[in-house]
Structures are given as C-alpha cells and as structure tokens.
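The hints should help you fit chain B onto chain A, whose structure is shown.
Sequences listed follow chains A and B, in order.
So in the UniProt record's numbering, the last one in the first sequence is 195, and the numbering has no gaps at all.
So in the UniProt record's numbering, the last one in the second sequence is 195, and the numbering has no gaps at all.
Calculated from the structure, these hints are not laboratory results.
Do not take every clue at face value.
As the list claims (entries may be wrong) - Chain B residues, not near chain A, derived (Cβ > 12 Å throughout):
(1) Glu14
(2) Tyr19
(3) Tyr41
(4) Val58
(5) Thr67
(6) Pro108
(7) His118
(8) Ala145
(9) Arg158
As the list claims (entries may be wrong) - DSS-like mimics (lysine-lysine), calculated; alpha carbons at most 30 Å apart, straight line:
(10) B:Lys23 x A:Lys190
(11) A:Lys150 x A:Lys66
(12) A:Lys66 x A:Lys23
(13) B:Lys66 x B:Lys23
(14) A:Lys150 x B:Lys23
(15) B:Lys150 x B:Lys23
Said to hold, decoys possible - Just a few of them, taken from the derived set where beta-carbon distance is under 10 Å, the chain A residues facing chain B:
(16) Met83
(17) Pro86
(18) Arg99
(19) Trp105
(20) His118
(21) Ile119
(22) Leu191
(23) Arg194
The C-beta atom is built at its ideal place from N, Cα and C for all residues, glycine as well.
2 protein chains.
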Amino acid sequence: MSLRYALLALLTAEPLTGYDAAKRFGGSVGHVWHAPDSQIYPELRRMEREGLVEGEQVRWGPNSTKTRYSITGEGVRAFREWMSTPLDYAPVRDAAHMRAAYFEWTDPDSARECLERHIDHYTEQIAQWTTVRDAILDLSNATIARRVQKYPAEDHERIIAFKAFAYDGLIGRGEAEIAWARQGLELLDKLSPRN
Amino acid sequence: MSLRYALLALLTAEPLTGYDAAKRFGGSVGHVWHAPDSQIYPELRRMEREGLVEGEQVRWGPNSTKTRYSITGEGVRAFREWMSTPLDYAPVRDAAHMRAAYFEWTDPDSARECLERHIDHYTEQIAQWTTVRDAILDLSNATIARRVQKYPAEDHERIIAFKAFAYDGLIGRGEAEIAWARQGLELLDKLSPRN
Numbered sequence: 001m002s003l004r005y006a007l008l009a010l011l012t013a014e015p016l017t018g019y020d021a022a023k024r025f026g027g028s029v030g031h032v033w034h035a036p037d038s039q040i041y042p043e044l045r046r047m048e049r050e051g052l053v054e055g056e057q058v059r060w061g062p063n064s065t066k067t068r069y070s071i072t073g074e075g076v077r078a079f080r081e082w083m084s085t086p087l088d089y090a091p092v093r094d095a096a097h098m099r100a101a102y103f104e105w106t107d108p109d110s111a112r113e114c115l116e117r118h119i120d121h122y123t124e125q126i127a128q129w130t131t132v133r134d135a136i137l138d139l140s141n142a143t144i145a146r147r148v149q150k151y152p153a154e155d156h157e158r159i160i161a162f163k164a165f166a167y168d169g170l171i172g173r174g175e176a177e178i179a180w181a182r183q184g185l186e187l188l189d190k191l192s193p194r195n
Numbered sequence: 001m002s003l004r005y006a007l008l009a010l011l012t013a014e015p016l017t018g019y020d021a022a023k024r025f026g027g028s029v030g031h032v033w034h035a036p037d038s039q040i041y042p043e044l045r046r047m048e049r050e051g052l053v054e055g056e057q058v059r060w061g062p063n064s065t066k067t068r069y070s071i072t073g074e075g076v077r078a079f080r081e082w083m084s085t086p087l088d089y090a091p092v093r094d095a096a097h098m099r100a101a102y103f104e105w106t107d108p109d110s111a112r113e114c115l116e117r118h119i120d121h122y123t124e125q126i127a128q129w130t131t132v133r134d135a136i137l138d139l140s141n142a143t144i145a146r147r148v149q150k151y152p153a154e155d156h157e158r159i160i161a162f163k164a165f166a167y168d169g170l171i172g173r174g175e176a177e178i179a180w181a182r183q184g185l186e187l188l189d190k191l192s193p194r195n
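For reference, chain A alone in the conformation it holds in the complex:
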C-alpha cells in the first residue's frame, strides 16, 4: 500500500506520466521506497479509477500520446490522511543478519567475504545517499527545485530540511551496518586468527 503514498508524494510536486514516475523510482523516492515499473503503471490506473489522480493525454513523440497524471483534491486528502496515521512496522527480513547467525556453517574466509561485501554495499549506498542529500541541500536536485517553487520562500527551509533528514536516517543506518560488519571481522580474527 505504501507505493500508493509514494506516488501521491511525487505527484504533490508536479504532474507525471507513468514513465516519469518510474524514473523517479530510480532515484528520489526510490531511495526510500523501491518499486518495479510493473507495479507503478497499474497502481496509477487504480488510483485514477479511485479518483486520487486524474489522467490527461499528452503528446509523446510525433505520433503518440501518453497519460500524464495530476493529483486531485481527493488524492491530497488521502495523502494527508496517511501522513497522520500511525505507521505499521514491517517485520524484519534480513538475510545478512540471518547468515551471520550461522557463520559456523561456513569457513572463516567466506564469513569475512560476506562481511566485507556488507561494508562495500553500505559504503556505496552511503555515497549515493550523501550525493542526493547534498543536491537537496543546495537545490541542484531538479525535483526538489521544482517542488519548492510551488511554495512561498519561508517554507523552503522546512521542505528541504525534511528531505535531507530522511537521507540522514538512511546514512546513519548504513553507518551502523558498517560498524557491525567491522565488529564481525574482529570477532572472526579473534575466533580464527589469520595466518
């Protein structure tokens, strides 16, 4: 269900075709809510049937059109309502921690490799999140730049600060994952000293 609210969140900034929305899920909101294209198009059509968005045909290339969706008043109401509803927390499904719990089933080198990949994965993710956060803060991020234009200047600081804050959370979590993996490498060195 959160896909719907991720789409509504995007559409509060500007109208989008399904193609535009799918591109946003490759960056922007896709950093906090991943969705494959195969879910985005049908969800937009469902939302149109439910009156949360309105489709309009726009020219696309010389001989074709595409549907561009705008959020409706009903959509804004649904988004605001979701924003003030307590969140359900999804239960944990974490293959890396599950695997670490059973490291006695693999050799120390495989266990080390697993933890080193964990560090690499989060190092790369942190680099991406940091790039996006910095582009939000200096408004070189085009989506945010367009979003803030819709608001009076005194609201810009808040809007930017909240987006950056969301990325700070991802970065902080990534740092915790790296610290944990480093602790694991030390544990492996203690239990199975390298020659």
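Positioned in the frame of chain A, the structure of chain B alone reads:
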C-alpha cells in the same frame, strides 16, 4: 527464497514439525527473517519433494500424527552452498523514512508523534533483541542449548558468538533509528518551536 534457508538453519539444530518451525519463527530465527505460518508449511512440503528434508510421521495427541522434518545430506549441502553465495541486497522499502521526507504535509505535532512512535518501536525491539542475545550468551535459550550439544565443547564459543553477533547488529541498527528520530525531534523544535 531466504525462507528456505531460514528453515534449513533451524533444522540443522534438530528435527521439527511444521508447528515447531512456525513457533521458532515467533522468536529465534523469526527475529531476523519473518515468515507467516501460511508460507512455512508449503515450503517444508516443497523442500521434502526436493529432497532437502525428510518427513516422518510422529504421534501427536492420542489419535493423530504430524510430520516431523529432518534435514537430509542434500539439505545440509544446499545450506552450506547458500552460506558461501554472495547475498543479494533487497532494495529499501522504508515507510518511516519516506514519511519523514514529506513532514511538511502534516502538522508538527503529528510529525513529532510519528518520531516518538519510531523511538518506542525500536526501544521495544531492542529490549526483545537484548533479552534473546543475553539468553544465547548464558545458554538459557533452549534452542541454542540443544544446538551446541551437537558439537564438541571447543566449538561452543563460536556458535554462541555468531548468534549473539547477529543480534548485536539488530540492536545497533535499532539504536541508529532512535538517534535519527531524536535528531528529527530536535529539527522539529527548531523549525516549529513548541509554545
């Protein structure tokens, strides 16, 4: 697919009925890999068809039987193979961070409530994870106590240390979430001072 490896991991300690396995997903491995009962029973039957586990009818109450599953040599091989295969990282789907990115769409009190619930959620989770970790470390956790009995004494330290390490990771991540939410409360106080 990780459900399969979570089940194999459980079965490396001892044979289990579907009912026993489902109970373990309420604690134990369920802390790192959540699965509803409706997925556990069919997966065990699929694994039996594929030769990864072996079912045996055992008495259950006065007039009934249940299937108890043991891991086979093939199952152990599949588990070891998974243990040394690089993990795929699931893309982020995080409703709390997504919501935080759009806090300008709610009033400051709702935003505060959202962050306070985030702190409560992770405080509660950390308390649970800490209880389990401590019961692993002092062997009062019955599953771990049975598991280590299958191994020579010199392996016990490793087995216990890896399980505790997995919980340390969950706890560290929980602490990062709490630190982030506290940062958010400070941000809200700065942007919208309370009267």
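Hint check results:
Remark: the non-interface label on glutamate 14 of chain B is consistent with the geometry, its nearest Cβ contact in chain A lying 14 Å away (cut-off 12 Å). Against chain A, the non-interface label of tyrosine 19 of chain B holds: every CB pair exceeds 12 Å, the least being about 20 Å. Consistency note on tyrosine 41 of chain B: stated as away from chain A, and its beta-carbon is indeed over 12 Å from all of that chain's, at 18 Å minimum. Every CB of chain A is more than 12 Å from the CB of valine 58 of chain B (nearest about 26 Å), matching its label as outside the interface.
Once the 12 Å rule is applied to beta carbons, threonine 67 of chain B is consistent with being away from chain A; the minimum gap is 24 Å. Under the 12 Å C-beta cut-off, the non-interface status given to proline 108 of chain B relative to chain A is violated; the minimum distance is some 10 Å. Residue placement check: histidine 118 of chain B does not keep its beta carbon more than 12 Å from all beta carbons of chain A (closest about 8 Å). Look at alanine 145 of chain B: its CB is around 15 Å from the nearest CB on chain A, clear of 12 Å, so calling it non-interface holds up.
A cut-off of 12 Å between C-beta atoms contradicts the statement that arginine 158 of chain B is not in contact with chain A; the least separation is 5 Å. Distance hint between lysine 23 of chain B and lysine 190 of chain A is unfulfilled; the C-alpha atoms sit about 34 Å from each other, more than 30 Å. Of the supplied pair hints, the one linking lysine 150 of chain A and lysine 66 of chain A holds, its CA atoms being roughly 25 Å apart against a limit of 30 Å. The straight-line distance between the Cα atoms of lysine 66 of chain A and lysine 23 of chain A is roughly 15 Å, inside the 30 Å bound, and the hint therefore holds.
The hinted pair formed by lysine 66 of chain B and lysine 23 of chain B meets the criterion: a straight-line CA distance of about 15 Å does not exceed 30 Å. Restraint check for lysine 150 of chain A and lysine 23 of chain B: not satisfied, since their Cα atoms lie roughly 52 Å apart, outside the 30 Å limit. Our distance criterion of 30 Å between C-alpha atoms is met by lysine 150 of chain B and lysine 23 of chain B, whose separation comes to about 21 Å. Taking 10 Å as the C-beta cut-off, the interface hint given for methionine 83 of chain A holds, the closest approach to chain B being about 4 Å.
Taken as an interface hint, proline 86 of chain A checks out: its beta carbon lies about 6 Å from the nearest beta carbon of chain B, inside 10 Å. Look at arginine 99 of chain A: its Cβ gets to within about 7 Å of chain B, closer than 10 Å, so that hint holds up. At its closest, the beta carbon of tryptophan 105 of chain A sits 5 Å from a beta carbon of chain B; the interface hint therefore holds under the 10 Å criterion. Interface hint at histidine 118 of chain A: satisfied, since its Cβ lies 8 Å from the closest Cβ of chain B, which is below the 10 Å cut-off.
Because the beta carbon of isoleucine 119 of chain A sits about 12 Å from the nearest beta carbon in chain B, more than 10 Å, this interface hint is broken. Restraint check, leucine 191 of chain A versus chain B: the minimum CB separation of about 5 Å is within 10 Å; hint holds. The closest approach between the C-beta of arginine 194 of chain A and any C-beta of chain B is roughly 15 Å, which is over the 10 Å cut-off, so the hint fails.
Hints 6, 7, 9, 10, 14, 21, 23, counting from the list given before, are not met by this structure.
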